[in-house]
Amino acid sequence: MKITDVKAYTMDSFRMNWNFVKVETDEGIYGWGEASLGTNENALEGMVNDLKRLIVGRNPFETEKLMFEVYRDIYWKGGPVLMSALSAIEMACWDIKGKALNVPVHTFLGGKVRDEVKMYANAWFVGAKTPEEFAKKAKNTVALGIKALKWDPFGSSHMTISKEQLQKSSDIVGAVRDAVGPNVELLIECHGRFNPTAALEISRELEQYKPMFMEEPCVPDNMDSTAYVRSRSRVPIAAGERGYGIYAFQEILEKNCVDYLQPDVFHAGGLMTGKKVAGMAEAKHVPVSFHNPSGPVSNAAILQLAATIPNFCIHEIMLTDGSFRKEVSTEEVHFNDGFIKIPDKPGLGIDLDEEVIKSHPYTPRNLRHYVGTVTDIRPKDDTIYYFKELEHLKYE
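Using my numbering, you'd call the opening residue of the sequence shown number 351 and step up by one each time.
If you're looking for bench data, these hints aren't it; they were derived computationally from the structure. Fair warning: there could be bad hints in the mix.
Claimed, not checked - Ranges between beta-carbon positions, derived for each pair:
(1) Glu739 with Gln558: 28 to 36 Å
(2) Gly460 with Tyr720: 35 to 43 Å
(3) Glu377 with Asp528: 56 to 64 Å
(4) Leu451 with Asn490: 19 to 27 Å
Said to hold, decoys possible - Straight-line alpha carbon distances no greater than 30 Å define the calculated DSBU-like cross-link-like pairs of lysine-lysine that follow:
(5) Lys738 with Lys691
(6) Lys352 with Lys605
(7) Lys560 with Lys605
(8) Lys626 with Lys352
(9) Lys462 with Lys352
(10) Lys560 with Lys695
Virtual Cβ for every residue (Gly too), placed ideally from N, Cα, C.
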């Protein structure tokens, strides 16, 4: 089998653009990968097209060799653009192999160690601004059977945080804790906002609410800052979504930066890199939770990988999404009592509709995290719940 073409697609998904990659073969079997890169979509497409000449003609079954040699033959190593493009291509190769042999991808990655994964909800808070609004949405979400919630309560803060914003953020977290009770996990997203002094101040304030972890408390271009906070915080620290390649994770783990490691497989280097990084973390008894706030291919791929990771702990999922998510993919997400079932369809178990992708063309989207609109991630009339078992319910 030989690869005959590599195609990049960019689709507007309101809060960002999704980047998909399709790898085609001479046997008519194709695979999908995802490389959604936020505000660098055009660069990502360009990189996929630059890599194409190194990919076409290769055997997708020789995935490790392909990735090693292509990375070797790129002079400028690492970084989000190159690694995301490579990750999507690698992911698509696994999809091809699974389809060709009529088995799910988790078969190739060591086989399942679990049939379902515990999950936490992102995107449950759409439009909330006040403690009361967050509390109401949290209570409605938990009533659906969700047992863990993640969100960013920090407004437009960057590097430092004012006393007024810290109190408001604390009030929001406290209102959610009061609304959902003591047995629901709260995961506090910082989006790499703060310097170590501010991050520690926040940690000490939020400790009273017993969060599962604080995610990316410090700007990620200096992991010593995160290590400093982790060594002094009584709230567990999570990070890793902006790590590119195994070398970044070696630093994170050697410096004891995290209590929970969060690789993003479509930025870090693909599924095999995710497997390797999880093994590195396992050797230090660090649990892994793959970063997954993006599109349907990412979700499908991570479920396949998470099924095979002994030290995997919890799966991120976008609780709501636009109606286009159902239209663009054959995704099925089966939910029960706080867990998601691992799919067993061939490959990644998902297909995309190229015509639907084209009907949502690239739209420039700026980062919302530092302008106070981080919760405005859906059209107000378009929060579609997509768990099959709960799709008859109206989510508000």
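Is the gap between the beta carbons of Leu451 and Asn490 within 19 to 27 Å?
With Cβ atoms ~43 Å apart, the hint is violated.
Take a quick look at whether Lys560 and Lys695 sit within 30 Å of each other, Cα to Cα.
Measuring from Cα to Cα gives roughly 38 Å; hence the hint is violated.
Going straight from one Cα to the other, do Lys462 and Lys352 come out at no more than 30 Å?
Within the cut-off at roughly 29 Å; holds.
If I claimed the Cβ atoms of Gly460 and Tyr720 lie 35 to 43 Å apart, would that claim hold in this structure?
holds, 40 Å
Distance restraint between Lys352 and Lys605, which requires alpha-carbon spacing of 30 Å or less
The given pair, whose Cα atoms are some 42 Å apart, is violated under the 30 Å limit.
Mind checking the alpha carbons of Lys626 and Lys352 for me, to see if they're no more than 30 Å apart?
holds, 26 Å
How does the Cβ-Cβ distance of Glu377 and Asp528 compare with 56 to 64 Å: does it lie in that range?
holds, 58 Å
CA of Lys738 to CA of Lys691, is that 30 Å or under?
holds, 11 Å
Quick one: are Glu739 and Gln558 within 28 to 36 Å, going by C-beta?
Taking Cβ atoms as reference, Glu739 and Gln558 lie about 35 Å apart, which means the hint holds.
Holds or violated: Lys560 with Lys605, Cα cutoff 30 Å?
holds, 25 Å
Comparing the model with each earlier hint shows violations of hints 4, 6, 10; every other hint is respected.
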